[in-house]
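Engineer: Sequence:
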Amino acid sequence: MISAMNSSISTTYCIGDIPVEILTTILFQLADENLHDLLVISRTCRLWRSIIVNNLFLNKRFNIFKKKYLLGHWTFEDTDKLGHDSCDYTKDQFSLIGNPIQSHCFLGSCLHLDGNSVITVPVNEFSRYQTDCFAVSCWFLVTGWSPLHNTMPFQTVIGAWEHPDQHWLHLGFSETTRFIQNQVMISAEHIQFDCNSTTPIELNTWYHVVTQVSRKKQEIYVNGHLQKTVLMTSKASATEIWTSGRTYPNAPWSKQEMQRPETLCIGAKCLRPFPHNFWLGELADLCIWTRWLEPIEIMAIYESKAKLDNINIGQLIVDKMAKLR
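Position 160, counted from 1, in the sequence shown is what our numbering calls 160; the numbers after and before it change by one each time, with no gaps.
To be clear, the hints were calculated from the coordinates, so they are not data collected in a lab. Yeah, the Cβ is synthetic: ideal placement off N, Cα and C, and Gly gets one too. Accuracy of the hints is not assured; some may be wrong.
[What the hints assert, rightly or not] Straight-line C-alpha distance at most 25 Å; calculated PhoX-like pairs for lysine-lysine:
1) Lys307 <-> Lys60
2) Lys305 <-> Lys68
3) Lys235 <-> Lys255
4) Lys67 <-> Lys91
5) Lys255 <-> Lys216
6) Lys217 <-> Lys235
7) Lys66 <-> Lys305
8) Lys216 <-> Lys66
9) Lys217 <-> Lys228
10) Lys91 <-> Lys307
11) Lys60 <-> Lys235
12) Lys66 <-> Lys320
13) Lys305 <-> Lys323
14) Lys235 <-> Lys68
15) Lys66 <-> Lys81
16) Lys68 <-> Lys217
17) Lys81 <-> Lys60
18) Lys217 <-> Lys255
19) Lys60 <-> Lys305
20) Lys81 <-> Lys228
21) Lys307 <-> Lys66
22) Lys67 <-> Lys307
23) Lys305 <-> Lys67
24) Lys320 <-> Lys307
25) Lys235 <-> Lys216
26) Lys228 <-> Lys216
27) Lys60 <-> Lys255
28) Lys216 <-> Lys91
29) Lys307 <-> Lys81
30) Lys81 <-> Lys67
31) Lys91 <-> Lys81
32) Lys68 <-> Lys307
33) Lys66 <-> Lys235
34) Lys91 <-> Lys66
35) Lys320 <-> Lys305
[Claimed, not checked] Distance windows between CB atoms, simulated:
36) Thr24 <-> Thr143: 44 to 54 Å
37) Cys87 <-> Met152: 25 to 35 Å
38) Asp88 <-> Thr143: 26 to 36 Å
39) Glu77 <-> Pro122: 39 to 49 Å
Just need the whole structure built from these sequences, with the hints factored in.
Structural biologist: Following this line, the structure appears as structure tokens:
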């Protein structure tokens, strides 16, 4: 309750008196910051729930979220420009190595990689890519083991792992274990943290994977489910410490930064000193975000079985919230 008083008038207002249009605008501001908290707030009263848990509201919110935080989006729909990024941030500055070709899958168009092909995108001069907080989502399929041109038993679906100091993203799997994983490198001292899923990869099977990275933590989701969280707040919990023979920084661990990317490689680990760890299979609807996705959004994207531009994420979230009542 809010009371407004002067010498002769006393007027009492309640939140239900606020016009729905104004309340909706206020809730949109909250939605941009934290969808999870917004959905919790929706349980406060029927009015708020009717506004928030609403197909149109949630779709509009997600479209605004995409416009603000979607950094790169590859749908592989243009056969003449397979490396075209529909976000247009990198202005189609891509190169094709080998013979990546368009294929088709349950999502529509996708990218076929033959184990010796890669699409490269230089990102070192694009400031939004120079971040330590991002998420990557994609659909992929593996058609074979041990690509002929791979020098190591590892396949990379998307990488940005340039030597000596541009190790930013390495999403793929070791053919020894066959669990999808992402790798992050912190510091010039080359402190590597791996985040491994628990789902074994099978041939000719589509998987939806999301990896989320910040300076302090990694997460990996497979088919909508969180499978592993790795904290990177302690150097002692690193997977590998690579020695380079150089003088290492004296700064406290909390002040040492993640490395930043130079070249984004779709279908391989890196461009320099030469492309390797190629992918043998298919890739669809590759997205890179500058914010983490909410678990309910990740599950909704997976369950939609559609490309990002075709998802009715509002209805998917409404249906999930209805099951929680």
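Engineer: Take the hints in turn and mark each one as holding or not.
Structural biologist: Hint by hint, here is what the structure shows:
1. Lys307 <-> Lys60: Holds. Lys307 to Lys60 sits at ~17 Å (cutoff 25 Å).
2. Lys305 <-> Lys68: holds (23 Å)
3. Lys235 <-> Lys255: Given that 25 Å is the threshold and the Cα spacing comes to 12 Å, the pair holds.
4. Lys67 <-> Lys91: holds (16 Å)
5. Lys255 <-> Lys216: Holds, at roughly 11 Å.
6. Lys217 <-> Lys235: Cα-Cα ~12 Å, so holds.
7. Lys66 <-> Lys305: Holds, at roughly 18 Å.
8. Lys216 <-> Lys66: OK: Lys216 and Lys66 at ~24 Å, within 25 Å.
9. Lys217 <-> Lys228: Given pair Lys217, Lys228 holds - Cα atoms ~11 Å apart, limit 25 Å.
10. Lys91 <-> Lys307: holds (22 Å)
11. Lys60 <-> Lys235: Violated - the C-alpha atoms of Lys235 and Lys60 are around 41 Å apart, more than 25 Å.
12. Lys66 <-> Lys320: holds (21 Å)
13. Lys305 <-> Lys323: holds (20 Å)
14. Lys235 <-> Lys68: violated (33 Å)
15. Lys66 <-> Lys81: holds (22 Å)
16. Lys68 <-> Lys217: Since the Cα atoms of Lys68 and Lys217 sit roughly 23 Å apart, the hinted pair holds (cutoff 25 Å).
17. Lys81 <-> Lys60: Distance ~30 Å between Lys81 and Lys60 Cα, so the pair is violated.
18. Lys217 <-> Lys255: holds (15 Å)
19. Lys60 <-> Lys305: The hint holds at about 20 Å.
20. Lys81 <-> Lys228: With a Cα-Cα distance of about 35 Å, the restraint between Lys81 and Lys228 is violated, given a limit of 25 Å.
21. Lys307 <-> Lys66: holds (13 Å)
22. Lys67 <-> Lys307: Holds, at roughly 16 Å.
23. Lys305 <-> Lys67: holds (21 Å)
24. Lys320 <-> Lys307: holds (20 Å)
25. Lys235 <-> Lys216: The hint holds at about 11 Å.
26. Lys228 <-> Lys216: Given that 25 Å is the threshold and the Cα spacing comes to 14 Å, the pair holds.
27. Lys60 <-> Lys255: violated (38 Å)
28. Lys216 <-> Lys91: The given pair, whose Cα atoms are some 31 Å apart, is violated under the 25 Å limit.
29. Lys307 <-> Lys81: holds (18 Å)
30. Lys81 <-> Lys67: holds (22 Å)
31. Lys91 <-> Lys81: holds (12 Å)
32. Lys68 <-> Lys307: holds (18 Å)
33. Lys66 <-> Lys235: violated (34 Å)
34. Lys91 <-> Lys66: holds (18 Å)
35. Lys320 <-> Lys305: Roughly 16 Å between the alpha carbons, so the hint for Lys320 and Lys305 holds.
36. Thr24 <-> Thr143: 44 to 54 Å: holds (48 Å)
37. Cys87 <-> Met152: 25 to 35 Å: Given about 32 Å between the Cβ atoms, the range holds.
38. Asp88 <-> Thr143: 26 to 36 Å: holds (31 Å)
39. Glu77 <-> Pro122: 39 to 49 Å: violated (22 Å)
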